[in-house]
Amino acid sequence: MRAFEYVSPNSKAQAMSLLATAWGKTEIIAGGTDLLALMKDDVVSPRRLINLKEVKDLHGISSGSNGMRIGALTTLDEIASNAEIKENFPAFADALMEVASPQIRNQATLGGNLCQRPRCWYFRNGFGLLPKDETGKDLVEPGENRYHAILGNSGRAKFVSPSTIAPILIAYGARVRVESPKGKRDLPLEKFFLTPKSEAEREHDLRPNEIVTELVLPLATNVRAAHYEIRQKEAFDWPLAVAAVALTTNGSSVTSARVVLGHVAPVPWRSPAAEQTLTGQQVNRSTAENAAQAAVAAATPLSGNAYKVQLARVAVKRAIMKAAGGVA
Amino acid sequence: MPNYAWPQENDRTLIGTRVTRVDAPVKVSGQAKYTYDTHRPGMLYGKVLRCPYAHAKIVSIDISAAEKMPGVNAVQIVQGPGSMIHWEGDEIVAVAAIDEPTAEDAIRAIQVKYAPLEHLVSDAEPPKNSAQGQGPLSADDIDDMLDNQVPSQQMVSQIKQYGLTEKIDEDTLKQLKADGATDDVLNAIQAATVHPEAAQRPKSNYQKAAVQTIGDPDQGFKDSEFVSEGLYGVPVITHCCLETHGSISEWTDESHLFTHISTQNVSGIPGQMAEPLKLPATNIRVHQDNIGGGFGSKFAPDRWGIFTAQISKKAGGKPVRIMLERDAELKVAGARPSAFARVKVGAKKDGTILAWQSESWGTGGPGGGGMPPIPYVFSVPNQRKEHTAIRNNIGPARAWRAPNHPQAAVLTMCALDDLAAAVNMDPLDFFSRNLDLTKPRQEIYREEFAIASDLMDWKNKWHPRRQSSPGEIVRGVGLSIHTWGGRGHASDCDLTIHPDGSVDLKMGSQDLGTGTRTCILIVAADTLGIPINAIHLLIGDTNYPPSGGSGGSTTIGGVTSSTRRAAVDARDALFAKVAPALRAQPEELECVNGNVRVRGDSTRSLSWKEACSKLGAMPQTVRGKNPDRDKPPDLTNSGVGGVQMAEVEVDTDTGIVKVKKMVAVQDCGLVVNVKTAESQVYGALIMGISYSLFEEKVMDPTTGRMLNANMEFYRLAGFNDIPELVVRMMTGKGYDERGVIGLGEPPVISPGAAISNAVANAIGVRVPFLPLTPDRVLAALQPKAGA
Ligand SMILES: Cc1cc2nc3c(=O)[nH]c(=O)nc-3n(C[C@H](O)[C@H](O)[C@H](O)COP(=O)(O)OP(=O)(O)OC[C@H]3O[C@@H](n4cnc5c(N)ncnc54)[C@H](O)[C@@H]3O)c2cc1C
Ligand code: SF4
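These protein sequence lines are chains A and B, in that order.
If you're matching positions, the first sequence starts at 1 in this note's numbering and goes up one per residue.
If you're matching positions, the second sequence starts at 1001 in this note's numbering and goes up one per residue.
If you're looking for bench data, these hints aren't it; they were derived computationally from the structure.
Fair warning: there could be bad hints in the mix.
As the list claims (entries may be wrong) - In silico lysine-lysine, DSS-like type, Cα no more than 30 angstroms apart, as pairs:
hint	chain 1	residue 1	chain 2	residue 2
1	B	K1614	B	K1631
2	A	K322	B	K1661
3	B	K1660	A	K233
Treat the numbers as computed from the prediction; the structure is a model and nothing was measured.
Hey, can you work out the whole structure from these sequences and the hints?
Given below as structure tokens:
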């Protein structure tokens, strides 16, 4: 392993001052479950690691009048076992329980989960986020793209956004807070994910010296939400498709809907078409199927992943049905 | 003549019972030591620079910066400039340093220039007429074969059959010898005919490996009332040993090497290290307590085992540890050859199989590979077969638990299952009707079918194939049968009875986690009439008598036979010493329950300890040795039969397959320990489910790299993917009297075929290739829309 400096600040301000203003020099380490693997595989090789675990005000879960606030350093397990989260955002708790394994959930943090890097096997093999070989030839299109994007893949980015909890968080309308030495900004989580157009860009709306500090989940009434994953293995496996839906109902029909897909595009993929299809409708098998169809209508599969269109459709259909059958 | 025969059922105290493995406590408590856990005083850490290209020539190597780095003890070029590299991850330079990070930094400081060459990593169906017959070999070809670990016998037969393109000079011969050519190979080279004109022939990646006709296939198909044609296949998978390959080597003096190595072949390692290290085999000591999986991939020291020893010498003899990283383990340390085939089979309307035709292909990496034994188990009277071996750059293949049989089972049992569907018969009836073609094991299969179908409730669960409607969750059942040899190997052991009554047994064997220790102890304890824990067993070291490598399911037959012999001889020798004290003839004595006594007279009895005190001052050691392989076996045997059935559930919306239940009914002659035997079968079923549903070595066509050399996308079945497993060992008459036969391999052969057949039964169509992933299942369900 290349030698690096390890610093463990105990305040946000200190942490931010230790971060470099260009990518590549410094990296934040939270739970380290992704970062250490990236370092071992030589995908990132920072000269300084800034450990955030000692920064007290980045931890914890609290609730206020307009929602629940989760510190970026809170572990996935802490969140999943929090009674208020389970009560107010049961589909989020469901999604958390499907992440990786108990050991990883004990260690991994919310901020780290949202900022984790794509699992694209070309990226992890050192060919970059927009993978090309030494001669500049694109690798994904003519290569092994069975797990790559079927939506939002018209540019050079073909990886899929890895977090399986981001879709349900977006469906619940989560906002994320990002802080830098210059100040704070709040943005909808949906806007936090970007599709890079060049190798110089990353897949998050995050400057090198910015830190994700917290996530806010707005409380809402009459929302029925669900998370659904299609995985090969029963447990501890990356999904092939994820769907998250949050339906606001007036008792009989849907007044507004959020439908977000995961593992199908370089970002968590919100589907306005599916949302429109559901709005004003009663949820039943046929509206669910129509919405699911709308969600994938624009899919542009690559040479080896047409099957994912079907999986994404089924995931959306099942998430809608699950939401309709479940409570709040 | 001593009577070594296995005791009759009534006389067995431990053999054939259920004994918990003796090493269970150290295993479950984490105390068992694996090679990976071995840390020697002053140990250095080795790392390897690996080639990033699948096919390249090394132009230059500069190690000067690495050599100068503080903490680096030695740098060794493994393959120098001019060497041809045939797969990604091949070893170029090794480094030993005071710790892993330093060794990694040193690796990064090495500059290698490569000239990349065209590569092929695909094993897709060869283009028509692309296959080339093998021709005369060049010195480079022979060097490639050595590189690719082609077995010596196979090299000799190819050199004899095809000759050479050039006369090979003394220097080149010396080089070949240094690269590992055996004397047999060198002799064959010197004796070979030379065809200089053949040197101009362009080389193809596709090689015609077999063309064979049996009976009259045309007539066979003409007589067939039903013919089924299909495409079947199994991709390259890896061994993925949880303990990776590797060793820790140290020089105890100028001319003595001590190696801890993760191996299936403790006694066989020194002989393979001697030549490359220029050291007499007797000066090499090998030790291993436990191994975390080998599955056929750990018989040799491998190139890295050799350079670990060499670099230790360079570092002044200090212990050097090189255990492969996970990615290297998956890339270079073993793969199972793929096999695909277009198969046509014909039968009469009563189900009698008449004819087989197959065009098969597959790859075993740069070496190509041979045709799996198809049609498997069933000797179809009329056959036409053609096999094309693909030589490509995916890395060398190695024996994988039951080499070639799981592939043959998929190609055969799936084709026959489709034929049964074409004839409109329950495959159980169809297979049963054709058991005459499985001679001499037809009665075994018949009995096993009856038991398996009961355990699976086959008659209720099987249904004719039907179209499923979209969105349905459907169930189906499938079956397969298999066979294997499994005669015991040569296995010497020394059994010592000490005058104080303690007993030790030394054998250079290894326990692959299968229960070998337990089974040796069962046989010794049963024979001597003392408890298992009264015997001190020592295995896993070349200081003990040599015992064969654990491959081909030869261990159980080998170690139990020689243990039985040693224990009978030791017992009889003890009887001779004890008889006078008991006023009896030695033949009248027996040892039972910790006593040595006169048969039928309980008054004339000595405790084991008292009896052993009659030995005098010196312990008494006897050597157990099995008869030569050319003699008929007595305590062991060859040839087993097994039947497996699978039940699956398929989500037709997602193409996800879940195995719901597996039944395995297995014969292995006399079962030494029913409990560990069943465990072997459970393990095989789990491994089988894993390769049926998940495993596949994914290669990138552009870069030639393996993309899933990790345990995230090289998926292995987890606990929740394992359903109800029902295992039944065949025992009693018809089985016990055949002697002890190997079991490690047979039960891993059938799962692929049984699970694929169950999926076909569930969804009504065949998913041609394993693993049965959603993309493949959906493509089979919607032939037009699928990927
Ligand atoms: C085998 C395996 C299976 C997995 N399965 C799943 C799954 O099913 N679903 C899923 O969602 N995830 C899965 N993961 C990923 C896992 O959830 C992430 O690794 C984890 O959430 C990352 O959190 P961490 O705290 O360990 O982050 P780290 O590894 O410490 O950091 C990850 C990245 O985020 C950056 N970072 C961390 N915190 C911040 C912050 N506060 N502000 C700015 N940047 C930050 C780091 O610099 C780094 O680039 C899996 C991981 C493994 C190893
Ligand atoms: S899963 Fe984790 S604990 Fe288990 S062997 Fe792998 S690295 Fe070690």
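Task: Satisfaction of hint between K233(A) and K1660(B), Cα-Cα up to 30 angstroms - done: holds, 14 angstroms
Open item on the list: Run the distance test for K322(A) versus K1661(B): straight-line Cα separation, threshold 30 angstroms.
Closed with: holds, 28 angstroms
TODO: Please work out if K1614(B) and K1631(B) have their alpha carbons no farther apart than 30 angstroms.
DONE: violated, 37 angstroms
Comparing the model with each earlier hint shows a violation of hint 1 alone; every other hint is respected.
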